[in-house]
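Student: Residue numbers (the numbering used here), protein chains in the order written: chain A, 1 to 399; chain B, 400 to 923.
In case anyone wonders, no lab produced these hints; they're calculated from the structure.
Any given hint could turn out to be false.
If the Cβ cut is set under 8 Å, some of the chain B residues that face chain A in the computed set are [as the list claims (entries may be wrong)]:
| id | residue |
| --- | --- |
| 1 | Ile472 |
| 2 | Asn473 |
| 3 | Leu477 |
| 4 | Phe729 |
| 5 | Glu732 |
| 6 | Gly897 |
Covered by chain B, per the in silico footprint, the following chain A stretches (three or more residues, Cβ under 8 Å) [as the list claims (entries may be wrong)]:
| id | stretch |
| --- | --- |
| 7 | 71 to 84 |
| 8 | 170 to 183 |
Cβ coordinates follow ideal geometry from the N, Cα and C atoms, glycine included.
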Amino acid sequence: MKLKGMPLAFCIILSFALLTGCWSSREINTLAITICIGIDKTENGYLVTEQVLNPKAIASKRAMNETPVVLYTAAGKDLEETIRRITKQCPRTIYNSHLRLVVFGEELARNGIKDILDYIARNHEYRTDFYFVVAKGTTAHEILQALTPLDTIPGINMYNSLATSSENWAPTKSTRMVELVNSIVADGINPVLSGIEMAGAENKAESTDALKQNYLKETPIYKMLAVFKKDKLTGWLDEDQSRGYNFITGNVKKSAGYAYYGETARISYNIVGSQAAMKVSLANDGKPGMEVKIKVVFDVNAVEGQFDITSEENRESLVDIVESTVITYCEEAISAVKNNKTDIFGFGEAIHRKYPKLWEKMKDDWDNEFPDLQINIAVSAKLSQLGQITKSFFIEEKQ
Amino acid sequence: MSFYNKILGKNGSVKKTHDKMRLSKDININIANLKKEFGYSDDLLINYCKTDAKRDLNFVSVYFGDLVDRSTINSLSLELDRIKNESGGKKSEMGSHGLINRISGLRGSKEGFDYETLYTDLLSGNTVFLIDGCNRYFSLITGSDKGRSVEEPSSQTVIRGPKDGFTEGLSGNIALIRKRIRNKALRLEILSVGSITRTRVGLMFIDQIAKEEIVQEIRSRLLRIEIDGILESGYIEELIKDDRYSIFPSFLSSEKPDSVAAALLEGKVAILIDGTPYVLTAPALMVEFLHSSEDYYHHFIISSMMRILRFAALLLTLFVPALFVAFSAFHQEIIPTPLLINIAAQREGVPFPTLLEALLMELTFEVLREAGIRMPRAIGPAISIVGALVLGQAAVEAGIISAAMVIVVSITAISSFAIPNYEMSNAIRTIRFVFLLLAGFLGLYGVFMGGIALTLHLCKIKSITVPYLMPIAPRIRGGNKDTFFRFPLWKMEYRPAGISESGTARVNAANPAAPRKRGKQELR
Chain A
1 MKLKGMPLAF
11 CIILSFALLT
21 GCWSSREINT
31 LAITICIGID
41 KTENGYLVTE
51 QVLNPKAIAS
61 KRAMNETPVV
71 LYTAAGKDLE
81 ETIRRITKQC
91 PRTIYNSHLR
101 LVVFGEELAR
111 NGIKDILDYI
121 ARNHEYRTDF
131 YFVVAKGTTA
141 HEILQALTPL
151 DTIPGINMYN
161 SLATSSENWA
171 PTKSTRMVEL
181 VNSIVADGIN
191 PVLSGIEMAG
201 AENKAESTDA
211 LKQNYLKETP
221 IYKMLAVFKK
231 DKLTGWLDED
241 QSRGYNFITG
251 NVKKSAGYAY
261 YGETARISYN
271 IVGSQAAMKV
281 SLANDGKPGM
291 EVKIKVVFDV
301 NAVEGQFDIT
311 SEENRESLVD
321 IVESTVITYC
331 EEAISAVKNN
341 KTDIFGFGEA
351 IHRKYPKLWE
361 KMKDDWDNEF
371 PDLQINIAVS
381 AKLSQLGQIT
391 KSFFIEEKQ
Chain B
400 MSFYNKILGK
410 NGSVKKTHDK
420 MRLSKDININ
430 IANLKKEFGY
440 SDDLLINYCK
450 TDAKRDLNFV
460 SVYFGDLVDR
470 STINSLSLEL
480 DRIKNESGGK
490 KSEMGSHGLI
500 NRISGLRGSK
510 EGFDYETLYT
520 DLLSGNTVFL
530 IDGCNRYFSL
540 ITGSDKGRSV
550 EEPSSQTVIR
560 GPKDGFTEGL
570 SGNIALIRKR
580 IRNKALRLEI
590 LSVGSITRTR
600 VGLMFIDQIA
610 KEEIVQEIRS
620 RLLRIEIDGI
630 LESGYIEELI
640 KDDRYSIFPS
650 FLSSEKPDSV
660 AAALLEGKVA
670 ILIDGTPYVL
680 TAPALMVEFL
690 HSSEDYYHHF
700 IISSMMRILR
710 FAALLLTLFV
720 PALFVAFSAF
730 HQEIIPTPLL
740 INIAAQREGV
750 PFPTLLEALL
760 MELTFEVLRE
770 AGIRMPRAIG
780 PAISIVGALV
790 LGQAAVEAGI
800 ISAAMVIVVS
810 ITAISSFAIP
820 NYEMSNAIRT
830 IRFVFLLLAG
840 FLGLYGVFMG
850 GIALTLHLCK
860 IKSITVPYLM
870 PIAPRIRGGN
880 KDTFFRFPLW
890 KMEYRPAGIS
900 ESGTARVNAA
910 NPAAPRKRGK
920 QELR
């Protein structure tokens with residue numbers, strides 16, 4: 001039989017249908033779309049909590065009767081095995097490509113997260129655009145139990161909240177796969193993850209009834225930064241220290257703060273932009289020194305008390321105050337991690353780039369040398385705008 | 400005409416024995432032959448006229464009663480009466496020579512010698528005169544032009560631009576084009592195609608602008624057609640197309656004389672077929688099927704935007720259903736998370752696989768479209784109600800089809816109507832089913848394989864020896880001024896290379912509003 005043109009094309013198309021059998025085709029409604037994974041440590045392995053989307057609850061236009069997500073947990077020694085074990089309870093295939101957040105329990109984080117990262121990086125199903133956070137003082141399982149308003153899917157709520165706060169509020173940090181792995185693998189830098197905890201650990205919003213209240217007494221809140229030494233959690237940075245960390249690493253996009261001027265006046269400012277640059281120099285004794293130059297642009301938010309912002313002198317002193325505040329944050333952060341002997345800023349990496357030979361000698365003992373590193377912080381602030389009014393209404397004229 | 404006969408002579412299915420026969424000197428033999436040849440058709444009218452009883456000087460006028468224009472025939476018979484009277488009054492003064500002179504002197508008369516041309520003349524509605532003792536005949540154009548009057552085209556409507564459209568009559572259509580191009584270089588060749596129908600096919604082009612090879616190619620292809628009948632331009636297109644199996648149209652069919660005139664000015668050849676308002680122009684390039692005559696009447700920026708929209712619409716029609724199926728059945732990871740959640744929520748409870756759902760909806764749309772065309776106009780709105788309410792809303796509310804799929808199908812449908820050419824729109828809509836199946840079976844991989852195959856096919860096919868994707872592949876330097884964008888008229892200085900005789904300028908780039916400069920470009 002002579003096949004040509006159309007019949008041949010027809011046969012080819014037919015063979016797609018008959019021979020391939022739609023290989024690897026999965027309909028969306030056969031997938032359990034995981035939004036959030038919590039991983040905790042158990043005595044002999046992991047406790048995995050999968051927050052799976054419940055599309056039916058989201059689809060309904062009427063008031064929610066079902067929870068928008070369903071939690072499945074399983075325990076086991078091996079991560080993939082444990083995740084597969086979940087299908088014993090769940091009617092659909094666990095689908096992890098749309099993961100938004102991975103929560104590590106604090107205990108797990110203290111024991112190391114390396115093996116988990118290898119699994120996630122190796123598995124083709126995971127994208128790399130989700131965030132990692134650490135459940136502070138609790139388990140990931142606890143964190144995932146909460147329901148949230150606005151973004152009714154808690155995983156997305158937490159993801160968005162972290163993304164917004166790291167944009168608008170200095171003390172949090174959003175860390176993705178590539179950055180996390182890089183900072184574990186590289187010498188002279190250590191990773192930092194945001195911490196998350198439950199505010200008001202009693203009566204969590206586990207059922208949708210809690211979402212009917214306008215004020216949630218218990219909700220996952222980002223708090224503090226988890227400092228890792230390589231892949232192990234070693235300590236926490238409080239809010240000011242976290243802020244200092246982000247200033248040094250140039251992570252601050254927008255932020256707000258305040259400063260006292262003298263006894264009475266308090267000026268609230270808005271940071272609208274910040275840049276940081278590290279410079280390594282060698283001292284006479286051959287030891288490296290670090291200079292961090294931070295540029296900050298800020299607006300004035302509010303002026304409380306007797307402070308005439310229209311005067312040139314006052315404005316200059318305001319700039320000085322802001323600069324010194326930022327320096328204080330940074331120094332607090334540095335002293336905290338120096339105690340911890342963990343270089344989270346990447347100073348070691350900066351030395352490595354500038355003086356590779358010197359670094360070869362130092363790198364093995366860097367954790368002990370880091371606390372002695374001379375770090376000089378220079379902040380240059382720039383006042384950009386005073387806001388919609390100039391002089392405060394309530395200033396008493398002294399004449 | 401004799402050349403054509405030679406070609407047809409090879410055709411065994413048509414009897415040719417009498418055709419080359421010359422007319423006899425004996426009028427009675429001629430009349431008998433005529434009657435026999437037409438099988439004594441009742442509408443073949445033969446008027447015997449005797450001018451001189453003694454000398455038996457006779458002539459006859461022959462015509463088809465329903466083909467001729469009554470009023471012309473009436474005035475003709477008055478004329479004939481006068482001839483009779485003249486010859487009757489002055490006895491024997493007018494011999495056969497005189498009669499011949501008198502008849503050949505009639506307005507619009509031409510003479511012929513053989514039966515074949517005689518038949519053609521008769522069948523075109525001419526009145527034929529046979530004179531005793533004369534082996535020639537004389538024919539007068541008396542055909543009736545009765546038909547539709549010039550109306551606005553129904554399939555190609557425009558907002559701005561001429562509203563007249565071609566009709567079924569060939570001569571009227573020729574006039575519409577001649578009126579637009581008042582130039583002696585505009586050529587017309589009438590061929591007759593179809594061994595039985597003898598359909599008149601007009602070949603129009605502008606001399607020195609149209610490429611001689613292309614004109615010759617089309618002419619010889621038309622002459623080589625051997626078919627019993629041509630009823631519409633689609634016959635011609637299908638028969639002389641370069642790639643007969645290709646789904647893509649390789650002739651631009653237009654109902655609008657202004658589009659045809661524009662094509663002629665670009666050096667293309669127009670093929671007019673008697674009995675259809677659709678005039679073909681060739682060579683036609685892929686991109687031209689996405690151009691509209693209106694593009695040249697509006698501001699060039701607006702036209703360019705519309706064109707980009709149309710190209711986008713073409714891609715949407717082709718790929719949206721396929722990509723949607725591929726994404727939602729194979730590559731859910733590509734969909735942004737919020738969108739996936741949305742789609743997942745909609746798909747909850749839908750009993751069909753995405754491919755089946757898409758096929759169902761797309762087929763429903765095709766059925767609706769087909770039904771809408773064939774339905775009597777009065778019932779038209781009912782179809783849209785059924786389509787919109789029953790299939791759109793009810794299917795979604797019943798949970799049989801997801802709302803996203805309805806949106807996908809609507810986008811596809813609307814986009815397909817944005818393609819200005821109906822044939823191209825049909826081709827694209829048909830191909831999208833192939834893509835849909837490929838996506839359903841092989842995912843994105845299938846879509847890309849299909850895309851590659853489609854591109855290869857488009858690169859391969861030709862329209863009258865001109866590559867289909869011409870200004871793009873092969874790329875013509877500076878020839879893309881009228882492809883995706885419509886450049887200002889004064890920037891399109893030369894006619895499209897490869898189609899017209901190369902290097903012929905069509906516009907002087909100088910701005911007439913600017914102060915005069917010396918050394919103007921010579922225009923043809």
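Student: All hints, please: hold or fail.
Tutor: Comparing the hints with the structure gives:
1. Ile472: violated (53 Å)
2. Asn473: Cβ of Asn473 (chain B) sits 57 Å from chain A, so the hint is violated.
3. Leu477: violated (62 Å)
4. Phe729: holds (6 Å)
5. Glu732: holds (4 Å)
6. Gly897: Check failed: Cβ of Gly897 (chain B) comes no nearer than 27 Å to chain A, outside 8 Å.
7. 71 to 84: Three-residue rule not met by the stretch 71 to 84 of chain A, so violated; n is 0.
8. 170 to 183: violated (count 0)
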